[in-house]
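Residue numbers (my numbering), protein chains in the order written: chain S, 1 to 162; chain C, 1 to 162.
Careful, some of the hints might be misleading.
No copy labels: a pair is met if it fits in one copy or bridges any two.
25 Å max Cα-Cα, derived SDA-like pairs, lysine to any residue [said to hold, decoys possible]:
1. Lys132 <-> Glu54
2. Lys132 <-> Asp29
3. Lys30 <-> Val162
4. Lys30 <-> Asn17
5. Lys132 <-> Arg45
6. Lys132 <-> Leu113
7. Lys132 <-> Arg22
8. Lys132 <-> Asn17
9. Lys30 <-> Ala6
10. Lys30 <-> Arg79
Worth flagging that the hints you see were computed from the coordinates, not collected in a lab.
Below, each chain spelled out in residue letters.
2 protein chains.
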Amino acid sequence: MIEQQAVPEAMRWSTENCTISRTMEILGDKWTFHVLREVFVGVRRFEEMRARAEIPRQVLTDRLTGLIERGLLRREPYRVPGQRERYEYRLTQAGLDLYPVLVALVQWGDEHLPLEAGPPLVPEHRGDCGEKVTVVLRCAAGHEPTPRQVALHPGPGAQPRV
Amino acid sequence: MIEQQAVPEAMRWSTENCTISRTMEILGDKWTFHVLREVFVGVRRFEEMRARAEIPRQVLTDRLTGLIERGLLRREPYRVPGQRERYEYRLTQAGLDLYPVLVALVQWGDEHLPLEAGPPLVPEHRGDCGEKVTVVLRCAAGHEPTPRQVALHPGPGAQPRV
């Protein structure tokens with residue numbers, strides 16, 4: 001039983017401009033992650049995404065529009081012979097830079113929500129190497145701290161709470 | 001203009017048991033990330049979280065309950081003198097293991113949604129080191145591929161689409 005009441009240091013700082021909040025405002029909800037996953041595994045066309053990920057049509061339209069507005073996806077025209085022009089959705093550099101987020105989610109899920117048959121989706125180093133890719137925490141001095149050895153501290157953009 | 005219609009390899013595989021989906025079902029929405037952030041920065045009490053993160057009371061109750069049920073948080077009793085027993089919320093090992101996900105989100109946000117004043121929240125190596133922590137993509141052979149050099153492939157748990 002804890003008896004003293006220590007006020008955490010973090011209570012001095014505002015969450016108003018928090019990077020996690022701002023990032024999650026953009027990434028939004030689980031559907032966004034489903035859509036991003038499709039593009040990351042190379043499924044780039046509306047009907048294919050809808051069929052494979054079983055995303056309702058309106059949700060998919062909405063999330064694709066949002067991801068384009070936010071600069072994570074771009075559209076590339078294509079045409080199936082005899083049909084009208086359509087678009088493929090491709091990752092921009094900002095979208096591709098979400099790879100560590102996706103790999104970290106996959107890694108956590110495979111560890112804490114494992115399937116008996118093993119992981120369904122494995123990030124691999126392309127080309128000749130082909131080895132499994134993971135994310136690693138590393139500090140600027142080259143150490144690789146465990147989660148318990150990492151702390152989140154206020155940086156130069158931190159604003160005091162009023 | 002792309003003219004041929006190649007069916008992506010991923011269309012052969014089901015997303016039914018996808019690790020990203022299963023993980024996002026647990027993490028859920030942006031509010032869950034707000035709550036996790038609070039605990040990660042050391043804000044562990046209901047009233048403090050509510051006040052600092054400006055989370056509506058019912059949403060906070062709901063997300064805390066969910067995170068406990070899913071094994072990411074645990075409750076620890078405390079008592080402020082003269083008041084009833086209350087609970088602090090602390091990360092379990094499974095919760096702590098989300099650190100790479102949080103650091104990856106912070107890193108992406110600081111790069112792609114930068115604040116003029118600099119990052120508000122900086123992951124640091126605790127103790128004597130104190131250097132900034134980032135996440136790095138690394139393969140089992142020790143290479144550090146860029147996002148473009150990583151690909152998501154079906155693993156042993158992948159199920160064919162029917």
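For each hint, the structure was consulted:
1. For the homomeric pair Lys132 and Glu54, neither the shortest alpha-carbon distance inside one copy (28 Å) nor that between copies (40 Å) is at most 25 Å.
2. In this assembly of identical chains, the alpha carbons of Lys132 and Asp29 never lie at most 25 Å apart, being 27 Å within a copy and 28 Å across copies at closest.
3. Taking the shortest alpha-carbon separations for Lys30 and Val162, only the inter-copy value of 24 Å comes in at or below 25 Å, while the best intra-copy value is 33 Å.
4. Both within a single protomer and between protomers do Lys30 and Asn17 lie at most 25 Å apart by alpha-carbon distance, with minima of 22 Å and 15 Å respectively.
5. In the homo-oligomer, the alpha carbons of Lys132 and Arg45 never lie at most 25 Å apart, since the shortest distance is 27 Å inside one protomer and 39 Å across protomers.
6. Taking identical chains as interchangeable, the C-alpha atoms of Lys132 and Leu113 lie at most 25 Å apart only when both belong to the same chain, with a minimum of 19 Å there against 30 Å between chains.
7. Within a single copy, Lys132 and Arg22 get their C-alpha atoms only as close as 31 Å, which misses the 25 Å cut-off; across copies the closest is 20 Å, which meets it.
8. Within a single copy, Lys132 and Asn17 get their C-alpha atoms only as close as 36 Å, which misses the 25 Å cut-off; across copies the closest is 20 Å, which meets it.
9. In this assembly of identical chains, the alpha carbons of Lys30 and Ala6 never lie at most 25 Å apart, being 36 Å within a copy and 28 Å across copies at closest.
10. Taking the closest pair of Cα atoms, Lys30 and Arg79 never come within 25 Å of each other, the shortest separation being 30 Å inside a single copy and 37 Å across copies.
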